[in-house]
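Residue numbers (the working numbering), protein chains in the order written: chain A, 38 to 323; chain B, 34 to 378.
Simulated from the structure, these hints should not be mistaken for laboratory data.
Everything numeric in this text was worked out from a predicted model, so none of it was measured.
Glycine residues also receive a C-beta, built at the ideal position from the N, C-alpha and C atoms.
Just to be clear, a hint being listed does not mean it is correct.
[Unchecked claim] Distance ranges between label pairs, derived from CB positions:
| hint | chain 1 | residue 1 | chain 2 | residue 2 | range |
| --- | --- | --- | --- | --- | --- |
| 1 | A | N182 | B | A268 | 52 to 60 Å |
| 2 | B | Q321 | A | K230 | 23 to 31 Å |
| 3 | B | S369 | A | K316 | 24 to 32 Å |
| 4 | A | K274 | B | M141 | 50 to 58 Å |
| 5 | A | R224 | B | G65 | 58 to 66 Å |
| 6 | A | G272 | B | T298 | 49 to 57 Å |
| 7 | B | F342 | A | N129 | 35 to 43 Å |
[Unchecked claim] In the DSS-like style, the derived pairs of lysine-lysine whose C-alpha atoms are separated by at most 25 Å in a straight line are:
| hint | chain 1 | residue 1 | chain 2 | residue 2 |
| --- | --- | --- | --- | --- |
| 8 | A | K316 | B | K313 |
| 9 | B | K106 | A | K77 |
| 10 | A | K44 | A | K158 |
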Amino acid sequence: MTVADTKFFAQGNVYLPHIAVIEKIVEETPGVRTYHFNFKDEKLRKEFTFQSGQFAQYSVLGTGEATFCISSSPTRRDHLEFAVQRVGKVTNALNRLGVGAEIGFRGPYGNSFPIDFLKGKNLVFIGGGIGLAPLRSLIWNVIDNRDKYKKIDIFYGARTPTDLCFKYDLEAWDKDKTVNMVTTVDRGDDSWKGKVGLVPKILEEVAPSAKETVAIVCGPPIMIRFTFPALEKLGFKPEQTLTTLEKRMKCGIGKCGRCNIGNLYVCRDGPVFSYAQIKDFVSSEY
Amino acid sequence: MANKKVNKKDITGLLKEWGQQFAVFAPSRESGVAAMAEWDGKDTSFLDWYRNTVVPPKASFLPPMEEMFRFQKGKEGYNIAPPPKAERSQLLFDVRPCDARAMAILDMTFEQALEDPYYLSKRKSAILVGLGCTNPCESCFCTSMGVSPAESADVDLMLIDIGDDFLVEEVTAKGKELISKTSGLKEATKEDEAKAKQARKASYDKVTRKLDTGGIKDKLLASFDDEEFWEKVAAKCISCGICTLLCPTCYCFDINDELVKQEGTRFRSWDSCGFPNYTKMPMENPRQEKWRRVRQKVCHKYEFYPMTFNVIACTGCGRCIRLCPVNWDITQVIESVPARTEAKK
Chain A
38 MTVADTKFFA QGNVYLPHIA VIEKIVEETP GVRTYHFNFK DEKLRKEFTF QSGQFAQYSV
98 LGTGEATFCI SSSPTRRDHL EFAVQRVGKV TNALNRLGVG AEIGFRGPYG NSFPIDFLKG
158 KNLVFIGGGI GLAPLRSLIW NVIDNRDKYK KIDIFYGART PTDLCFKYDL EAWDKDKTVN
218 MVTTVDRGDD SWKGKVGLVP KILEEVAPSA KETVAIVCGP PIMIRFTFPA LEKLGFKPEQ
278 TLTTLEKRMK CGIGKCGRCN IGNLYVCRDG PVFSYAQIKD FVSSEY
Chain B
34 MANKKVNKKD ITGLLKEWGQ QFAVFAPSRE SGVAAMAEWD GKDTSFLDWY RNTVVPPKAS
94 FLPPMEEMFR FQKGKEGYNI APPPKAERSQ LLFDVRPCDA RAMAILDMTF EQALEDPYYL
154 SKRKSAILVG LGCTNPCESC FCTSMGVSPA ESADVDLMLI DIGDDFLVEE VTAKGKELIS
214 KTSGLKEATK EDEAKAKQAR KASYDKVTRK LDTGGIKDKL LASFDDEEFW EKVAAKCISC
274 GICTLLCPTC YCFDINDELV KQEGTRFRSW DSCGFPNYTK MPMENPRQEK WRRVRQKVCH
334 KYEFYPMTFN VIACTGCGRC IRLCPVNWDI TQVIESVPAR TEAKK
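Using the sequences provided together with the hints, build the complete structure.
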């Protein structure tokens with residue numbers, strides 16, 4: 038169980054949002070956008086802190102609230118970012134907002150990637166689609182402290198080349214000689230020169246060593262379901278595999294009930310879990 | 034500790050006196066179903082008809098619908114303001130021990146990690162006055178869930194019917210303080226105490242429905258993936274949600290916005306894990322099938338809550354049995370969970 042810092046509560050009430058202003062909008066794919074934002078309140082803008090892996094509740098006031106992770110890295114704090122796929126009520130309302138529009142923000146909530154546990158180890162990042170959003174916060178965090186970690190592999194896949202999110206990051210990591218970047222798509226096109234195939238299959242082909250390694254997985258549930266067994270085949274123990282989960286949430290703080298996997302609430306006990314923590318329930322609840 | 038007593042004829046006066054300090058809530062049928070409602074200052078007929086409310090008293094602290102804040106868009110952007118706090122604290126009169134225990138169970142959720150200001154501000158300032166059951170329902174199984182129908186440590190004051198009077202037990206310091214400022218109470222005699230003891234036992238013995246919950250947490254864990262079992266358990270459920278909405282330990286809520294011109298309200302409202310939309314996300318729903326939702330309801334109470342808080346989130350109030358339109362019965366379900374040593378996959 039983790040406890041968020043109460044000093045970031047608006048008016049001392051955990052349910053009240055802070056007002057934030059959209060500073061920039063990046064079109065990632067035809068359905069996915071990244072929003073850069075900052076708090077309206079100057080003091081909060083300076084003092085606000087978070088850790089890679091944490092999430093927040095974002096409001097389009099009058100439409101409602103939705104849950105997204107903070108996709109930027111705490112090592113790069115001139116603004117904050119979140120990325121969304123336009124699929125529901127709030128994400129569609131967000132889509133109608135432009136730069137300068139005000140949104141509500143409350144958080145950060147949830148636990149985070151266990152930085153101390155990851156230090157000194159090899160890291161294998163495995164992402165699919167917009168699931169790269171929480172991973173990129175950690176990836177940049179790790180790259181900005183490169184000497185504290187050993188080998189870094191990044192596996193990232195999307196359905197088609199057009200569906201690849203954060204293309205500017207993929208390029209940067211591909212150029213980075215200290216990182217092994219593997220990008221794959223389910224279906225290529227004429228200009229696609231990278232790998233073709235589902236992420237778990239490519240992962241098994243490249244077969245990163247499990248020795249002194251932690252795998253960090255985030256993607257659509259279907260990818261997660263097939264990636265866990267693939268990692269087990271490669272010798273990764275359940276304790277060596279981390280994931281960050283997404284469920285429908287309303288409160289974000291372990292009260293409203295709906296984001297549980299077994300006895301664990303994704304908001305209160307996660308969103309970062311080891312496979313060991315959730316394996317009893319994950320087969321039928323995720 | 035010397036207990037007090039109050040004559041049944043003096044209840045109106047007692048509530049009037051308490052009404053000067055508190056907003057007094059008592060059982061009422063005014064809304065069409067029995068629920069705690071603000072006392073009208075005269076009617077005490079509930080002392081005759083009242084067995085338990087249909088709407089559990091949790092509604093006093095977690096209302097079916099509750100404003101969280103208002104927002105307004107002005108020239109300078111959004112302005113957000115929480116609702117003003119209630120002027121007077123609540124005094125709930127005639128809470129049953131099962132429901133008082135249920136609120137202690139709810140407190141665990143609303144207090145843990147980050148505190149819920151709406152629930153706790155009302156709950157912490159409230160006084161609970163319990164009333165012992167003399168006529169439990171056939172569906173009640175509180176004694177199997179560690180609750181005694183005419184005894185409670187989860188209220189501030191406890192009333193027990195001893196004939197012409199109610200014995201008034203001072204359970205908490207808060208209750209004791211209230212009594213010290215209350216006029217018109219008499220000292221209870223040894224004879225009154227003996228009558229109360231008898232009444233407690235008589236009530237206890239009247240609860241005939243029993244449920245064996247031994248090892249239930251592990252049994253449910255082992256049966257979690259037994260789809261056939263859960264399909265059978267869920268077969269007649271119509272997903273109406275009543276067993277959860279009116280459960281005194283259920284706390285799930287939804288949060289929504291309402292916007293009229295430029296003025297908006299964010300409110301929360303009771304929700305149920307029985308509803309298909311409860312877990313629905315735009316791209317998928319982990320509990321689309323009914324059996325998964327029924328499994329969640331049963332396991333949340335008898336497996337997950339014990340895993341987190343070391344207590345079963347059920348007090349045997351029997352509402353889910355009494356109020357179910359298709360006679361779904363939690364006690365039958367719990368007793369039918371197979372005793373396995375290995376998890377069924």
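For each hint, the structure was consulted:
Hint check: A:N182 to B:A268, Cβ distance near 56 Å, so the stated range 52 to 60 Å holds. Our hint of 23 to 31 Å for B:Q321 and A:K230 is violated, since their Cβ atoms are close to 40 Å apart. Take B:S369 and A:K316: their Cβ atoms lie about 27 Å apart, and the range 24 to 32 Å holds. In this structure, A:K274 and B:M141 break the distance hint of 50 to 58 Å, their C-beta atoms being roughly 33 Å apart.
The hint said 58 to 66 Å for the Cβ distance between A:R224 and B:G65, and at roughly 59 Å that hint holds. A beta carbon spacing of about 54 Å between A:G272 and B:T298 agrees with the range 49 to 57 Å that was offered as a hint. Restraint check, B:F342 to A:N129: a C-beta distance of roughly 38 Å satisfies the suggested window 35 to 43 Å. A distance of roughly 22 Å separates the Cα atoms of A:K316 and B:K313; the hinted pair therefore holds under the 25 Å criterion.
Taken as a hint, the B:K106 and A:K77 pair is honoured in the structure, with Cα atoms around 14 Å apart against an allowance of 25 Å. Taking the CA atoms of A:K44 and A:K158, the gap is near 33 Å; set against the 25 Å cutoff, the hint is violated.
Of the hints listed earlier, those the structure fails to meet are numbers 2, 4, 10, in rising order.
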